[in-house]
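S.K.: Here the working numbering runs 22 ahead of the position in the sequence shown, where the first position is 1.
Treat the hints with care, since some could be wrong.
[To be verified] SDA-like, lysine to any residue: derived pairs with alpha carbons at most 20 Å apart:
{"#": "1", "residue 1": "K387", "residue 2": "N244"}
{"#": "2", "residue 1": "K25", "residue 2": "A179"}
{"#": "3", "residue 1": "K297", "residue 2": "A339"}
{"#": "4", "residue 1": "K25", "residue 2": "P117"}
{"#": "5", "residue 1": "K36", "residue 2": "R209"}
{"#": "6", "residue 1": "K462", "residue 2": "F482"}
{"#": "7", "residue 1": "K232", "residue 2": "R209"}
{"#": "8", "residue 1": "K387", "residue 2": "L229"}
{"#": "9", "residue 1": "K131", "residue 2": "P152"}
{"#": "10", "residue 1": "K248", "residue 2": "L270"}
{"#": "11", "residue 1": "K236", "residue 2": "K297"}
{"#": "12", "residue 1": "K36", "residue 2": "L229"}
{"#": "13", "residue 1": "K346", "residue 2": "K368"}
{"#": "14", "residue 1": "K236", "residue 2": "A179"}
{"#": "15", "residue 1": "K268", "residue 2": "A366"}
{"#": "16", "residue 1": "K467", "residue 2": "G327"}
Please keep in mind that the hints were generated in silico from the structure rather than gathered at the bench.
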Amino acid sequence: MAKIARALLSVTDKTGLAGFAKVLAGLGVELISTGGTAKLLREAGLAVKDVSEVTGFPEMLDGRVKTIHPRVAGGVLAMRSKPEHMAAIAEHGIPAIDMVVVNLYQFEKVAAREGVSREELIENIDIGGPTMIRAAAKNWQDVAVVTSAGDYQALAAELQATGGELSEATHWRLMVSAFELTASYDRAIAAKLRSLDAAPEELPLVLDLKLPLKMGLRYGENPHQKAALYGTGESGIAGARQLQGKELSYNNLVDLDAAWQLIQEFDATACAIIKHTNPCGCAEGATVVAAYQRALEADPISAFGGVLAFNRTVDGAAATEVAKLFTEAIAAPGYTDEALAVFAAKKNLRLLEVGAGGVGEAVVKSISGGVLVQSADTARLDRAKAAVRSQRQPTEEEWRALEFGWKVVKHVKSNAIVYARAGQLVSSGAGQMSRVDSVKVGALKAVLPLKGTVLASDAFFPFPDGVVEAAAHGITAVIHPGGSVKDAEVIAKADELGLVVVLTGVRHFRH
């Protein structure tokens with residue numbers, strides 16, 4: 023690769039640019055620039071040639087036309103290995119440009135603003151920047167295309183070590199990054215403009231996912247499967263900050279996300295314990311430690327080796343109790359210094375500090391030949407809209423238990439059954455092929471007494487047998503969506519057994 027003699031610099035994000043330009047100038051590189059970038063470089067004491075001096079044409083149309091000119095494009099696109107190219111630019115007095123340092127108008131930042139107008143969106147679509155980037159990337163062997171301020175330090179070090187040259191591998195890496203940037207930029211523009219004409223509840227006509235690699239994983243669900251985590255957000259599990267412990271596994275992340283989504287259902291202080299994506303414990307409490315202790319009571323055997331989530335900062339008292347149990351990972355919005363000191367003794371325990379949110383996004387699942395997309399299940403129970411269909415009305419205590427059970431059953435794999443008291447999961451039956459079997463499994467696994475609990479079901483009861491089975495274990499009330507052709511038969515049986523029946527009209531299947 024030849025020594026870099028001339029560089030074009032024109033950036034929106036000017037972070038670190040002056041320092042990088044000083045390195046270039048120190049190596050004898052001629053600097054060509056535009057508008058605000060040129061002003062910044064001059065203020066840094068650098069000699070800069072305006073692009074208008076190269077083109078012989080002034081910047082015009084409010085800056086829309088600056089670098090789109092044969093005397094710039096020719097200098098970028100001329101292949102040094104082709105004598106006819108070099109003769110052509112020499113004939114027209116076009117200087118060869120060996121480096122292009124360009125980043126783009128921040129369209130996505132503008133697009134994210136509330137109430138942004140169509141005109142403002144259009145005005146923030148960069149034209150010259152992508153043109154220069156693509157031209158330089160196309161001629162990657164001869165032109166280094168720099169699109170990220172994050173590359174300045176490494177490039178400066180390489181240039182200084184070689185006296186002004188960059189390796190072929192560096193040129194190639196920069197080229198790939200450049201095309202990734204322009205592809206991402208165009209996708210963001212198309213998606214935003216398309217969304218202007220779509221109803222808010224509509225799914226996109228084209229599913230366009232751009233998720234950078236966040237971390238490689240040792241393997242997937244099993245050692246013979248490859249896996250990695252991709253994501254852009256800083257909230258939720260994918261955006262969490264790991265404070266200690268072993269590296270996260272694929273299964274850890276799946277379980278942590280299940281725990282985090284469940285814990286977001288609660289406004290009161292709460293704890294969720296997840297094993298293989300299903301809740302084996304969940305409870306509210308006056309304190310963090312109380313919530314944990316009540317959650318653990320439901321199934322301490324299954325909780326062994328599970329993952330935990332809290333919706334409050336974990337304090338020393340809670341950490342001391344949690345440390346008594348072997349736990350794979352914990353997700354919480356924060357940890358006190360005392361809690362961190364307690365957990366430090368358990369070096370393999372993975373601690374995640376999770377930013378608020380991360381729930382309510384689209385759900386994407388791959389199938390053979392494609393992907394399925396659905397909006398997230400964010401439905402919550404409104405007591406005023408629920409229908410009490412039994413002869414007996416629920417007591418206030420039963421209402422609280424029914425509301426709690428309905429929150430939890432949404433996060434249990436179908437067919438899903440939850441036995442609950444007010445503020446506490448008592449037992450759950452998950453993933454059975456028949457609903458009555460889920461009722462039986464939930465009762466079989468129960469550690470705490472079932473007498474006086476309520477039953478939540480993610481979907482309707484197709485027959486009265488599930489309610490009969492649950493009543494045999496002492497439940498007092500049932501909540502489910504309704505909608506079966508045998509609803510009346512099920513309700514009649516519940517009345518016969520003295521049970522409350524609340525129908526929500528909302529199903530919570532989770533496959």
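S.K.: Quick one, are K462 and F482 close enough, alpha carbons at most 20 Å?
M.R.: 16 Å, holds
S.K.: Checking one constraint from the list: CA of K248 to CA of L270, max 20 Å. Satisfied?
M.R.: 14 Å, holds
S.K.: CA of K297 to CA of A339, is that 20 Å or under?
M.R.: 23 Å, violated
S.K.: Sort out whether A179 lies within 20 Å of K25, counting only the CA atoms.
M.R.: Since the Cα atoms of K25 and A179 sit roughly 14 Å apart, the hinted pair holds (cutoff 20 Å).
S.K.: Is the Cα-Cα distance between K25 and P117 20 Å or less?
M.R.: With Cα atoms ~15 Å apart, K25 and P117 stay inside 20 Å; holds.
S.K.: For the pair supplied as a hint, K268 and A366, is the alpha-carbon distance within the 20 Å limit?
M.R.: Holds, at roughly 12 Å.
S.K.: Starting from K236, check that the Cα of A179 is at most 20 Å away, please.
M.R.: 26 Å, violated
S.K.: Given the hinted pair K387 and L229, is their alpha-carbon gap at most 20 Å?
M.R.: Within the cut-off at roughly 12 Å; holds.
S.K.: Within 20 Å, alpha carbon to alpha carbon, are K467 and G327?
M.R.: Roughly 17 Å separates the two Cα atoms, so the pair holds.
S.K.: Below or equal to 20 Å on CA atoms is what counts here, so check K36 against R209.
M.R.: 24 Å, violated
S.K.: Hint check: K346 vs K368, CA-CA at most 20 Å. Holds or violated?
M.R.: 10 Å, holds
S.K.: Between K36 and L229, is the straight-line Cα distance small enough, at 20 Å or below?
M.R.: Outside the cut-off at roughly 32 Å; violated.
Checked against the numbered hints above, the structure violates hints 3, 5, 11, 12 and 14; every other hint is satisfied.
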